[in-house]
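Engineer: So you can see what is in the structure, the chains are spelled out below.
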Amino acid sequence: MTSEQRMTAGLVAAPPWRAPATMAGLSSVTHPPRTPRWPYAAGAVIILYALAVPIVASATGWWGGADTGAVDYVAGVTAPSWAHPFGTDVAGRDLFVRCARALQVSLLAAAVGAAVAALLGTALGAASAMLGGRADRILMRGVDGVAAVPHLLLGIIIATVYRGSLWTVVLVVALTHWTGTTRLVRGEVLSLRERAWVRAATSQGYTRRQVLRHHVLPHVGAQVGVATALLVPHAVWHETTLTFLGLGMPPHQASLGSLIELAQQSVVSGAWWTLAAPAGLLVAATVCLGAALHRGARHAV
Amino acid sequence: MTVPSAARSSSRAHAVRRVVLRRALWAVPLLLGVSALVFLLASLTPADGTSGFLGARGEFTNTQTRAAVGELLDQGNWWQACLAWWQGALTGDWGTSTILRAPVADTLAARIPWTALVMTAGLLLGALLAVPLAVAAARRPESLAARVLTGVAWALSAAPAYIVGLGLLLVFALGLGWLPAGGLAPPGEPLTVATVASHALLPALAVALSQVPWIALHLHAALIGARSSDAVLAARLRGLPPRTVTSRHVLPVAVVPLLALLGTRLPELVVGAALVETVFSWPGLGQAMVDAAVGRDLALLAGTTVCLTVLVLLGNLLADAALVLVDPRVRADDL
Amino acid sequence: MSTGRTSSRLSAAASAVLVLVVAAACTNPTPDNGGADAGQVTVRLAEYAEYATLNPLDAMFGITSKIYDGLYAVAADGAMEPDLATGEPEPDQSLTRWTVRIQDGVGFSDGTALDSADVVATYRTLIDPAYASPLASSFEFLTDVSAPDATTVEFVLSEPYAPFPSTLTVGIAPSELLTGTVLDSTLNREPVGSGPYRLTEWRAGESLTLEASDTYRGERPDVDRLVIAFVPDENVRAQRLRAGDFDGAQLPPRAAAELEGVDDLTVFTNTSADYRAVTLPQGVPAFQDPAVRLALNLAVDREALVEGILRGYGRAAATPFTPAQGAAYDADAQFAHDPAEAEALLDAAGWTAGADGTRAQDGVPLQFTIMYFAEDTLRRDLALAVASDLSEIGADVEVEAVDRPAAAAGMNTKAFVLGGGDRPYDPDTQVYTALHSSFAPYDPEDAYTNPSGYSDPRADALLDTARRSADPDVRTQAYLDLQEVLMANPPMITLVTLEHTYAARGLDEYSGVEHVVEPHEHGVAWGPWWNVEEWKAVP
Numbered sequence: 586m587t588s589e590q591r592m593t594a595g596l597v598a599a600p601p602w603r604a605p606a607t608m609a610g611l612s613s614v615t616h617p618p619r620t621p622r623w624p625y626a627a628g629a630v631i632i633l634y635a636l637a638v639p640i641v642a643s644a645t646g647w648w649g650g651a652d653t654g655a656v657d658y659v660a661g662v663t664a665p666s667w668a669h670p671f672g673t674d675v676a677g678r679d680l681f682v683r684c685a686r687a688l689q690v691s692l693l694a695a696a697v698g699a700a701v702a703a704l705l706g707t708a709l710g711a712a713s714a715m716l717g718g719r720a721d722r723i724l725m726r727g728v729d730g731v732a733a734v735p736h737l738l739l740g741i742i743i744a745t746v747y748r749g750s751l752w753t754v755v756l757v758v759a760l761t762h763w764t765g766t767t768r769l770v771r772g773e774v775l776s777l778r779e780r781a782w783v784r785a786a787t788s789q790g791y792t793r794r795q796v797l798r799h800h801v802l803p804h805v806g807a808q809v810g811v812a813t814a815l816l817v818p819h820a821v822w823h824e825t826t827l828t829f830l831g832l833g834m835p836p837h838q839a840s841l842g843s844l845i846e847l848a849q850q851s852v853v854s855g856a857w858w859t860l861a862a863p864a865g866l867l868v869a870a871t872v873c874l875g876a877a878l879h880r881g882a883r884h885a886v
Numbered sequence: 005m006t007v008p009s010a011a012r013s014s015s016r017a018h019a020v021r022r023v024v025l026r027r028a029l030w031a032v033p034l035l036l037g038v039s040a041l042v043f044l045l046a047s048l049t050p051a052d053g054t055s056g057f058l059g060a061r062g063e064f065t066n067t068q069t070r071a072a073v074g075e076l077l078d079q080g081n082w083w084q085a086c087l088a089w090w091q092g093a094l095t096g097d098w099g100t101s102t103i104l105r106a107p108v109a110d111t112l113a114a115r116i117p118w119t120a121l122v123m124t125a126g127l128l129l130g131a132l133l134a135v136p137l138a139v140a141a142a143r144r145p146e147s148l149a150a151r152v153l154t155g156v157a158w159a160l161s162a163a164p165a166y167i168v169g170l171g172l173l174l175v176f177a178l179g180l181g182w183l184p185a186g187g188l189a190p191p192g193e194p195l196t197v198a199t200v201a202s203h204a205l206l207p208a209l210a211v212a213l214s215q216v217p218w219i220a221l222h223l224h225a226a227l228i229g230a231r232s233s234d235a236v237l238a239a240r241l242r243g244l245p246p247r248t249v250t251s252r253h254v255l256p257v258a259v260v261p262l263l264a265l266l267g268t269r270l271p272e273l274v275v276g277a278a279l280v281e282t283v284f285s286w287p288g289l290g291q292a293m294v295d296a297a298v299g300r301d302l303a304l305l306a307g308t309t310v311c312l313t314v315l316v317l318l319g320n321l322l323a324d325a326a327l328v329l330v331d332p333r334v335r336a337d338d339l
Numbered sequence: 025m026s027t028g029r030t031s032s033r034l035s036a037a038a039s040a041v042l043v044l045v046v047a048a049a050c051t052n053p054t055p056d057n058g059g060a061d062a063g064q065v066t067v068r069l070a071e072y073a074e075y076a077t078l079n080p081l082d083a084m085f086g087i088t089s090k091i092y093d094g095l096y097a098v099a100a101d102g103a104m105e106p107d108l109a110t111g112e113p114e115p116d117q118s119l120t121r122w123t124v125r126i127q128d129g130v131g132f133s134d135g136t137a138l139d140s141a142d143v144v145a146t147y148r149t150l151i152d153p154a155y156a157s158p159l160a161s162s163f164e165f166l167t168d169v170s171a172p173d174a175t176t177v178e179f180v181l182s183e184p185y186a187p188f189p190s191t192l193t194v195g196i197a198p199s200e201l202l203t204g205t206v207l208d209s210t211l212n213r214e215p216v217g218s219g220p221y222r223l224t225e226w227r228a229g230e231s232l233t234l235e236a237s238d239t240y241r242g243e244r245p246d247v248d249r250l251v252i253a254f255v256p257d258e259n260v261r262a263q264r265l266r267a268g269d270f271d272g273a274q275l276p277p278r279a280a281a282e283l284e285g286v287d288d289l290t291v292f293t294n295t296s297a298d299y300r301a302v303t304l305p306q307g308v309p310a311f312q313d314p315a316v317r318l319a320l321n322l323a324v325d326r327e328a329l330v331e332g333i334l335r336g337y338g339r340a341a342a343t344p345f346t347p348a349q350g351a352a353y354d355a356d357a358q359f360a361h362d363p364a365e366a367e368a369l370l371d372a373a374g375w376t377a378g379a380d381g382t383r384a385q386d387g388v389p390l391q392f393t394i395m396y397f398a399e400d401t402l403r404r405d406l407a408l409a410v411a412s413d414l415s416e417i418g419a420d421v422e423v424e425a426v427d428r429p430a431a432a433a434g435m436n437t438k439a440f441v442l443g444g445g446d447r448p449y450d451p452d453t454q455v456y457t458a459l460h461s462s463f464a465p466y467d468p469e470d471a472y473t474n475p476s477g478y479s480d481p482r483a484d485a486l487l488d489t490a491r492r493s494a495d496p497d498v499r500t501q502a503y504l505d506l507q508e509v510l511m512a513n514p515p516m517i518t519l520v521t522l523e524h525t526y527a528a529r530g531l532d533e534y535s536g537v538e539h540v541v542e543p544h545e546h547g548v549a550w551g552p553w554w555n556v557e558e559w560k561a562v563p
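In order, the protein sequences belong to chains W, U and L.
Residue numbers for the first sequence follow this note's numbering, beginning at 586 and rising by one.
Residue numbers for the second sequence follow this note's numbering, beginning at 5 and rising by one.
Residue numbers for the third sequence follow this note's numbering, beginning at 25 and rising by one.
Heads up, a few of these hints could be off.
[What the hints assert, rightly or not] Quick list of the computed label-pair ranges, beta carbon to beta carbon:
1. L:V388 / W:H804: 53 to 59 Å
2. L:E214 / U:L36: 33 to 39 Å
3. L:V388 / W:R726: 56 to 62 Å
4. L:E214 / U:T49: 31 to 37 Å
5. U:G179 / L:E200: 51 to 57 Å
6. L:T239 / W:A664: 30 to 36 Å
7. L:A154 / U:R26: 44 to 50 Å
8. U:L36 / L:P347: 53 to 59 Å
9. U:G179 / L:E508: 52 to 58 Å
Hints are computed from structural coordinates only; laboratory data are not their basis.
Each residue gets a CB set at the ideal place from its N, CA and C atoms; glycine is no exception.
Use the sequences and the hints to build the structure in full.
Structural biologist: Quick look at the structure:
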């Protein structure tokens, strides 16, 4: 048993899919018995902001219109005002619209990365449990190995190869976060295999694959869905960090990471809003979405 | 309870030895795998070390010169390069960094202590900050103060270490001018324990603050759990003062999961240190690793990766050994 | 469970960790660097990156010039002056054999003497492919070096090459230390030169210290010590400078402008031959039409680039020629910002706007991608601003962040924000490889030479005339004529030349602080400190 497994085995009440630094591990221990409802409302507001603001901007021309790539370095940074609620950045672009676009991109990268991680993890976990024996042991040693290396370390190595695009971030998230799902699915499948109705199906001569598809995976699905959803806020964190280090998103592409990186140029000269807007959104999105997802997950399971 | 007998403590020591041995065996394939991954992944790109070696001058370098540099850096295919690297590493020659034009071993030797310093100081500082907070909050879990504390811890846990570092830098170094903003010592002055300590404080604090939420929240939960345990209830019934109950009965029980947590937090701690280093121009491994990744410097990347992984494994091991020592319920075979 | 026992085990574990920390702090090398002796003058500077190497065969200018002497050195306002040499190099009639006489009695910091054998060894090693010096690029015509006597060096070239003297700035190293390769040479970290300073300490990743060399042949510098710290983040650099940690730093224009007049800081600028251009490769069909290339040049608002992005620290440029080229630079060769004229040109050439606003000619759209180096914020800003300007006249422009291999791979099919001016001290080294058609064919291994694939026989003839002529007037006229050709048939959209910006304090305490023309590279070995060894303290 590795120390991470031990963590999940009940010494601390953390759910088994807890990736280090995800909100999932925290939330289980921090939610007071009466969970407030605000995470749902706040999460909805954030999603609505990300989706609606760019559309409204291009339809109405408010906040300087759609973020088309037009720049005005001579105008440069301006403080928040009615016309630009979050101010403008060094290239004169409205940050209210640009942050919404950035949030979209970051969430998209995170969601796709989490989904790919879930697929990979489910496939390997199910395979490991169904194959059993030596294959199972080898696979689980591999899982331990990957899990022992810090995510960002692995991420930096991967990003060395495929630098500078949305797919870099997706790949890094997927390739570093599949281990949790693999363990989860393997555990579930192993326990399901012993249930009466699965045994019944097996004894009636269904193949292993059929049993897996019709009886086991549907039951695992809900758990995996929850784990994947909980991974998204954490994946956003990965996107910003990689981009900040110059290995993630291309610098001209709006994403929370690239906006924070760009803000570094202006923040010390007093343009606090260039950092406050994306960093605040990052924290708000991670906290609110994390809390809402976790609350939803607890209701669902 | 009686003082443990000599036989029992020797069985504990035996258990620790077993943990150490098992982990050491497990580290070998892991390190081989990680380094092989570095070379394998790098071989999958069209780029080689030449562009990293030439850096900005790459724009002004002609074909012949580029070819000469390429020849110099050529290491064969990825597994040959990896094998050659390990062969050297086992004899103390970790290859030559292409971006620093210096032996990787020298670079690592110069940088590991600084990373270890910031990491350990950060972890200790984090524990020092978090434990009193958690104890205070666990006293009255439903109070406003406890709710504010958990709320702040949540928000803090969502802020990446580099944002925390930037914030500290802006406030304490640049704004208030209380602490130095970077480096190991004032420019041109010799390194002394005092100057290094004052320069390490902000980076260590940044690392600490990124760990505080985790330690505080988990300890908080464990304390609340321990508070309702039979032993604590019995102690209360015996009429022991609350302070004694907390220090003698609640804390020791809650510390066990905390130790386990510290072990699992180490990968994140290493990563946090790497990010913080870039903000504070702290000459540690993390910065060297990011530079190596950007410059496609395989020897340095493999060297830093292996070193950081070893640091993580060592930390895990220390936490587990401590766990075996303090908690008789934990059996070495579980670890 | 015995709680008392547990706590004592805990405290034992905790003290073990503490011991580790203290040990880590104490076992770190704390070499005695002599400290700051009373009366020593120290200048503390902040550099934007750690130096990769101090090997003179790996870095032609900059920090190595503090430690090494070359045969010639860059002097005030970008002139070349003899350093180890005793006079101008003497060419033969054919410009293929050059003779340089060097000073007698010069010593290296390790106590050995510097003579012509060291010069020969330095240049022979430089062109030896096995040593793999990146500087070899500048010496492709050099075939042999020899030393007829202890103070004479002869260079043999494969072709007539008038700009040869401007390349002779490489620092001379002791011949016995020129072993191995550029990757593992001991000179990388332990330089031994004959220059005014010697390296006394290098804290990996943090800083290095240079001290006045006792063996320097010239007058001992008034500035005894140079401490150069490596501070990659520009904000931290600016703020630590402001807080008094440093006496000077190189800063990007925006950050430098913030510091002008703050406390006792001043902004110091040097003109440079460092230009930025957007290439127009022939692999994009639209760029084969000279009318398109001319129109795109007219559509870019260069003054806005200078004001908005460079904060005024730079000037608009129309060709790769810059004021650094002196008499060979034609200050009147400038494109006006005239989008209306650009649109008229495009209309006349048959590039008409379609329904989506993008222009096309016979179904070929005016559509392309501009690449920039992902880590270079200046090039990113220029790429975005140029794309924005060109969109307004109906071009469909995408921007793409690339790393160096991807840039080289895409060079013939995508536009690219090019940097130039690595060796500006002769017009030939500034422009020849960027413009001559012999470099036009695309080669991914040599992508940055003539990246547009530009080919104009008139330009070729003028470039070759200037390269092969020993007469300065003939050369100057050829370059002036060349700029006319480039204005009529532009090879690229040359955007701006930069001024390199520095912030410093205490410059008025010295006399001898002068300006210099900087190449593409910059840093605290340039700026006001390029000749710090010649500064004299004002009493």
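Engineer: Confirm or reject each hint.
Structural biologist: Cross-check of the supplied hints:
The given range of 53 to 59 Å is respected by V388 of chain L and H804 of chain W, whose C-beta atoms sit roughly 58 Å from each other. At roughly 34 Å, the beta-carbon separation of E214 of chain L and L36 of chain U lies within the given 33 to 39 Å, and the hint holds. For V388 of chain L and R726 of chain W, the Cβ-Cβ distance of about 57 Å falls inside the hinted range of 56 to 62 Å, so the restraint holds. A C-beta distance of roughly 34 Å is found between E214 of chain L and T49 of chain U, which places it inside the suggested range of 31 to 37 Å.
Take G179 of chain U and E200 of chain L: their Cβ atoms lie about 53 Å apart, and the range 51 to 57 Å holds. The hinted range of 30 to 36 Å is not satisfied by T239 of chain L and A664 of chain W, whose Cβ atoms lie roughly 58 Å apart. A154 of chain L and R26 of chain U have their C-beta atoms about 49 Å apart, which keeps the hinted 44 to 50 Å range intact. Checked against the given bound of 53 to 59 Å, the beta carbons of L36 of chain U and P347 of chain L, roughly 58 Å apart, stay inside it.
Between G179 of chain U and E508 of chain L the C-beta distance comes to about 56 Å, which sits within the given range of 52 to 58 Å.
Of the numbered hints listed earlier, the single one contradicted by the structure is hint 6.
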